[in-house]
Amino acid sequence: MGSEANCASAMIALNTAVAEQLIRFKADVDALAADGLVPEQAILQVLRGYIKECKPIRFEGNGYSEEWKEEAARRGLDCETSCPLIFDNYLREDTVAMFESTGVMTRKELEARNEVKWETYTKKLQIEARVLGDLALNHIIPIATEYQSKLIDNVYKMTAIMGKEKADKLSAENLRTIEEIAERTSFISAHVAQMVEARKAANKLTEERAKAIAYHDTVEKAFEEIRYHIDKLELIVDDRMWTLPKYRELLYI
Numbered sequence: 007m008g009s010e011a012n013c014a015s016a017m018i019a020l021n022t023a024v025a026e027q028l029i030r031f032k033a034d035v036d037a038l039a040a041d042g043l044v045p046e047q048a049i050l051q052v053l054r055g056y057i058k059e060c061k062p063i064r065f066e067g068n069g070y071s072e073e074w075k076e077e078a079a080r081r082g083l084d085c086e087t088s089c090p091l092i093f094d095n096y097l098r099e100d101t102v103a104m105f106e107s108t109g110v111m112t113r114k115e116l117e118a119r120n121e122v123k124w125e126t127y128t129k130k131l132q133i134e135a136r137v138l139g140d141l142a143l144n145h146i147i148p149i150a151t152e153y154q155s156k157l158i159d160n161v162y163k164m165t166a167i168m169g170k171e172k173a174d175k176l177s178a179e180n181l182r183t184i185e186e187i188a189e190r191t192s193f194i195s196a197h198v199a200q201m202v203e204a205r206k207a208a209n210k211l212t213e214e215r216a217k218a219i220a221y222h223d224t225v226e227k228a229f230e231e232i233r234y235h236i237d238k239l240e241l242i243v244d245d246r247m248w249t250l251p252k253y254r255e256l257l258y259i
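With the first letter of the sequence shown counted as 1, position 78 gets the number 84 in our numbering; the numbers rise by one all the way through.
Mixed in with the good hints there might be a few duds.
As the list claims (entries may be wrong) - Cross-link-like lysine to any residue pairs, in silico, SDA-like; alpha carbons within 25 Å at most:
#1 K163 with N144
#2 K61 with G82
#3 K130 with N120
#4 K227 with E240
#5 K32 with C60
Simulated from the structure, these hints should not be mistaken for lab results.
All of these numbers come straight from a predicted model, not from anything done at the bench.
Throw the hints in and build the complete structure from the sequences for me.
Below, the structure is given as structure tokens:
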């Protein structure tokens, strides 16, 4: 997944596709040559056809943008972003035919590799979910709550010294921060609990593909939601109290 993935699997697929296309290219050129065209004319005619055929996949913009997703959908191209479902493409009939016709892999070998891909995907998300839950409940929330308590103590002391009306005015920002911390820690706690329950439900599934899909649809989607609120707390809590490296600090570690 992502930048940590070994390029070997992608290179196998790409090289196999190139090999299959070269075989097809030779067959197409030979067929035209048999009809009397000279090799140069046959090659040019075949290439012209290929250029038209591959037009839907050619895009010179940002391939990671929403613009490309919209354009790809308009062109009738696959826009799937779920890894477990993307792995299904290895078992499409035309994909199996490609691998088998070039002698690279059989259907059984492709099926076995997909089982490993689905299991690996699940295991990685399981580890990430456990680590995220641990960090959120045992580091982030306690630190944020401790800082919140300091702010509350400051508000009470300001009220005792200056009176409620003046203290409320001068402590308005602290009061807003206290409320924001409460809202964000409450959100994190609730969503970590939901994520844990989703993980337990997914773990009960015995079929690797179904389990991987469940992890993607019910567990992984919680990551960004929880992370968003943790990132906001990181910007609020006193640096001296935040025990984990902040993003800007990672540049110097």
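A quick look at each hint next to the structure:
no.: 1; hint: K163 with N144; result: violated (29 Å)
no.: 2; hint: K61 with G82; result: holds (12 Å)
no.: 3; hint: K130 with N120; result: holds (15 Å)
no.: 4; hint: K227 with E240; result: holds (21 Å)
no.: 5; hint: K32 with C60; result: holds (18 Å)
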